[in-house]
Amino acid sequence: MQGLTEILILPLIGAVTIGAFKSVAPRRLAGIWATVLVLASFVFAVVADLHLAGLTAGHREITVTLFNWVTGFGPPIAWNLYLDPLSGIWLLIITGVGGLIHLYANGYMADDPDQGRFFGYFNLFIFSMLLLVLAGNLLILLIGWGLVGLASYLLIGFWYQRPSAVRAAKKALVMNTVGDVGILIGLALLYVRYHAVTYSALFGAFSHASPGSPFFGWVAILLYIGAMAKSAQFPLSGWLVDAMEGPTPVSALIHAATMVTAGVYLMARLYPLLRLAPGVAYAVAAIGTFTAIYAASAAFFQQDIKKVLAYSTLSQLGYMFLGVGVGAYTAGVFHFMTHAFFKACLFLAAGSVIHGLGGEQDIGQMGGLYKKMPWTMVSFLAATLAISGIPPFAGFYSKEAILGQAFNSGHDLLWMVGVITAGMTSFYMFRLFFLTFFGTPRNTDLYQHAHEAPAVMTVPVIALGVLSVIGGFFGPWLNHWLRPAFTAYPGAPHAALESGPTVGTVLAVGLAVVAFVVAYALYIRRAVPARAGIERWPGRWMLAAYGLDTGWRDVAVVPLMAAGTWVRRQLDRGILTAVVGVANGIWLWAEDLRPIQSGYVRRYALSIMVGLAVVLAYSLMKA
Amino acid sequence: MLWIGLLGIPLVGALVVLLLSERAAKVGAAVVAALEIGVFAALLGGAAPSLNLAWIPAWGVRLHFAADGLALFLLGLTAVMTLVAICASKASYGRAYFFWILFMEFASMGLFGAVDLFLFYIFWEAVLIPIFFLLTGWSGEKGRAAGLKWLIMNLFGSLFMLIGVVAVAVIHNQTTGSLSFEISQLTNLPVSSFAAPWLFGVFALAFAIKAPLWPFHGWMPDAYGEAPAPVTALLAGVLSKAGVFGFLRVMLPIFGAELHAYRTGLMIWVAVSLVYGALMALRQTDMKMVSAYASLSHLSMIALGIFSLTAAGILGATFLMVAHGLMVGSLFLILGVVEERLGGREFNGLMGLNRGAPRLATYFLFFALATLGLPGLPGFAGEYMIMQGLVVHAVGFAVVAGVVLIVAAWYMVRLFQGIMQGRPDHPAVADVNVGQVAWLVPLAILVAVIGVWPAGITGHAVPSLYHAVHFAVAQGGIN
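Protein chains in written order, with numbering that gives the first Met the number 0: chain A, 0 to 622; chain B, 0 to 478.
Treat the hints with care, as some may be off.
As the list claims (entries may be wrong) - Computed spacing ranges between beta-carbons, pair by pair:
(1) ILE8(A) to ALA41(B): 31 to 41 Å
(2) GLN173(B) to PRO210(A): 57 to 67 Å
(3) ALA447(B) to PHE20(A): 10 to 20 Å
(4) ALA41(B) to THR564(A): 43 to 53 Å
(5) SER49(B) to VAL15(A): 35 to 45 Å
(6) SER183(B) to GLN160(A): 53 to 63 Å
(7) PRO213(A) to ALA53(B): 57 to 67 Å
(8) PRO492(A) to SER183(B): 51 to 61 Å
(9) VAL458(A) to ARG422(B): 29 to 39 Å
(10) ARG354(B) to PHE20(A): 19 to 29 Å
(11) ILE12(A) to ARG358(B): 18 to 28 Å
(12) ARG539(A) to ASN347(B): 31 to 41 Å
To be verified - Derived SDA-like pairs: lysine to any residue, alpha-carbon spacing no greater than 20 Å straight-line:
(13) LYS141(B) to ALA577(A)
(14) LYS21(A) to GLY355(B)
(15) LYS21(A) to ALA429(B)
(16) LYS21(A) to VAL436(B)
(17) LYS21(A) to ALA443(B)
(18) LYS141(B) to ARG572(A)
(19) LYS21(A) to VAL433(B)
(20) LYS370(A) to GLN360(A)
(21) LYS371(A) to GLY438(A)
(22) LYS21(A) to THR361(B)
(23) LYS141(B) to GLY580(A)
(24) LYS306(A) to SER163(A)
To be verified - If you want the footprint, here are the derived chain A segments under chain B, 3+ residues with CB under 8 Å:
(25) 167-176
(26) 247-260
(27) 503-513
(28) 554-564
Please keep in mind that the hints were generated in silico from the structure rather than gathered at the bench. By construction, the Cβ of each residue, glycine as well, lies at the ideal position given by its N, Cα and C atoms.
Just need the whole structure built from these sequences, with the hints factored in.
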């Protein structure tokens with residue numbers, strides 16, 4: 000088994016035991032138990048990856064079949080587990096970064112009376128995400144896919160007494176279901192043609208197919224819809240911003256480091272399919288790039304510390320999709336890894352700030368906090384430099400790899416937009432950093448009471464801060480590690496990391512530095528307030544993410560609700576009235592006949608029917 | 000022998016319950032229902048036996064029951080849901096109530112087991128009676144009206160079906176010279192092109208009313224709404240399956256060619272029904288009506304799987320009948336608990352019951368998620384198989400069904416959140432008690448197991464379904 004089932008089962012045990020015993024066990028125990036189990040799962044993941052590394056390069060995969068999921072209408076679909084270098088990376092990030100975030104949550108949730116429920120959900124999420132990446136076929140992947148959506152729903156709506164959290168949870172679930180349905184139809188189409196949904200069978204068959212048939216185009220689009228919904232690509236992006244209603248460790252774990260990258264995983268996993276649908280691959284890259292610049296611009300005027308980070312997550316996911324879409328698979332995965340480090344760090348540091356300020360999330364109320372929270376500030380700075388693509392921090396290397404390969408592969412327009420977005424990223428991130436930690440405190444009352452987080456929270460933040468500094472140096476190792484995964488089947492000739500033109504690097508870094516200087520000049524030298532510009536166009540429009548939510552409401556929610564009302568008011572009432580009319584008619588008729596016959600409607604009707612039957616039978620026999 | 004037990008235990012048990020004191024009736028009924036589950040377990044363990052005795056030799060009618068793959072798990076569903084419904088009922092309903100519940104179990108068992116068309120018809124009619132009395136005797140103020148609507152609409156359908164039953168046997172007699180109602184012998188009938196649509200229509204009408212499918216659901220809102228929760232659970236969980244079951248048991252062998260010829264039209268009809276139910280469920284403010292129209296929508300999904308005439312679609316429909324029975328039955332029982340706590344069925348905004356009743360909320364959420372088709376739970380498995388059948392040559396319908404799945408997530412979450420979440424503006428309600436947990440936990444475990452291991456059911460169902468599917472394939476269905 001090579002420990003695959005153990006990796007999976009440990010967090011599931013956690014979820015079940017915490018769910019069952021949370022009302023009787025000591026309150027703090029749930030967090031400790033959940034953290035221990037995830038860290039144990041991490042150890043098993045390391046062991047499994049080491050085992051994988053020991054195999055010869057051509058056969059670097061482990062498959063486990065547990066039992067049949069469904070049988071009967073064709074070849075059975077089983078609970079296949081599958082570990083290869085690609086899923087191995089995800090395993091390490093899910094359990095490793097996930098373990099750090101669990102540890103942090105022990106501090107963050109310490110005062111919450113309902114923390115047992117929180118950690119139960121948290122472990123359920125880890126289990127689901129592990130199932131998603133360890134799945135050996137698309138159906139089991141979809142089960143994990145749906146379950147992470149559930150965990151996300153539960154955790155966004157964790158504070159269920161807040162109507163805004165309840166609404167955000169509903170939105171997340173419904174939008175994620177859009178993606179589930181896409182994958183469901185896509186895999187069903189694949190099963191019809193290939194009678195299998197395992198990766199090995201499908202990819203083996205894809206190797207002999209030639210690109211361009213509409214079948215592959217449709218299947219790739221359907222599976223990409225799944226990836227879009229989970230990874231919040233435009234226009235299915237609105238839910239991720241609202242998801243910030245959940246506790247901050249949730250935002251770090253699910254809505255930044257792991258779950259939202261599931262779409263990147265799926266697209267990277269399906270590289271043999273993207274080879275067959277080059278148009279869809281281009282769409283993946285183009286929509287990703289658009290999402291990157293769209294979200295970056297929407298982040299400019301945000302007032303809530305977590306919403307800035309949410310838009311930055313959207314934007315960085317866009318980069319990952321750009322990488323995957325242009326065939327730079329390793330670069331996309333590399334950016335997933337560094338992003339997990341620096342974005343988890345940013346969210347956890349933001350959580351420490353929110354925790355230290357007694358729940359305040361408005362950056363207009365912050366400022367000057369570097370004196371109160373030095374460790375948090377330093378970690379936040381490291382992660383900000385990383386996301387802004389300043390060398391030698393982690394994000395520089397992975398972003399450069401993606402942009403370089405976009406350029407090399409001839410996607411000039413996408414490359415250009417990506418470079419501009421890099422500058423924009425630097426601007427909004429340093430705006431956030433300066434407004435939060437520097438300048439004069441804007442709310443002296445909050446500032447007075449602000450305090451550094453306890454060690455259980457700062458240690459994970461610092462660890463992730465260190466990874467944000469050094470994460471970029473893992474590139475060559477990652478390149479080597481992923482090579483077997485992307486050479487197993489045709490379709491990824493440029494999967495390995497490449498370096499782009501020097502001018503591109505200079506341009507991207509130069510823009511980032513300029514943006515840093517502009518942010519410094521505005522928010523430190525001139526002390527522009529956080530709310531500047533949001534009253535007028537375009538600030539107001541950008542703050543509302545260009546009215547995407549309103550658009551969805553007008554296009555989908557309102558018409559569907561109106562249709563429901565119309566059906567209910569007009570059609571159903573008509574049907575029910577007609578039924579009552581007919582029933583009354585029959586009843587009156589029966590009442591009228593009562594004196595003549597024995598009076599029981601049923602017997603009378605029965606005799607009519609038998610009579611009719613005899614007549615019909617007679618006519619049939621004569622015919 | 001097993002069949003005599005399966006039919007005899009609830010029938011004799013029902014009579015015994017009538018002899019018990021009013022207070023002992025519930026316990027007595029529960030014991031009978033538990034025995035019935037024991038018989039079902041024996042049925043599951045051994046080779047599926049059949050009972051085949053001559054009944055009315057002059058007409059060729061036989062007492063022929065069989066527990067084939069199509070029926071086996073519906074028998075189990077009936078046994079399980081009857082026991083659960085009895086446990087969830089108030090002892091104060093009295094012995095007559097429990098008599099009718101057990102009588103309904105007997106009639107449902109006979110209905111699902113009958114493989115003689117005449118016998119099928121007898122039990123088809125027999126299930127009307129207990130529901131009628133339960134609706135008129137133990138329901139809310141509109142119970143009498145609901146019972147009459149139920150009876151009249153269903154009689155309307157089934158009396159026409161009787162014409163069909165007789166006509167089919169007569170046509171069979173005409174070609175072979177022997178009179179038989181054995182369904183497996185009534186295949187490949189030389190029905191004239193004039194009579195075929197009419198004969199097909201009378202059966203389809205009866206089945207559509209019983210399920211119900213749009214636009215034959217006129218009896219549904221009152222009956223589901225007014226009946227006590229355990230009766231609604233049995234109506235929606237078990238009896239609604241009789242309608243779609245009829246398409247598989249009767250239509251597929253006898254009218255295979257017609258099913259194939261009318262397939263597109265039938266699929267359009269149930270697709271409308273599917274969307275209709277979902278839209279209705281989205282706009283209800285009565286919690287039982289959300290679930291009722293959701294059930295209408297799911298039954299349409301099952302019918303869509305059948306009409307796809309593919310192995311995957313038919314198997315998915317068979318599976319989803321069982322899974323849906325467990326899920327929607329449990330959901331109605333939970334809504335019954337909520338209704339009892341709240342004293343009403345209206346929900347609007349966020350009522351926040353979670354604060355006082357977190358465990359009730361957990362079970363509620365579990366069954367709501369199962370019903371909306373969360374991957375990993377049985378609703379998903381059934382819907383996947385139906386989708387798998389639809390994409391073979393009806394991708395358009397698969398897309399419609401997919402959109403409905405999205406709406407389903409929406410209305411179920413709206414129902415759950417509306418009742419359970421938000422800030423409570425009224426006193427906290429009591430959580431589930433030990434008696435309720437005693438049936439909720441086994442049901443939840445059963446649903447989870449079926450969801451993780453659907454092969455447990457599909458593997459059992461396939462060998463005998465193969466016949467039906469093979470027939471559909473021979474008629475021109477593919478895959």
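* Asked: Among all the numbered hints in the text so far, which are the ones the structure does not match?
  -> 26, 27
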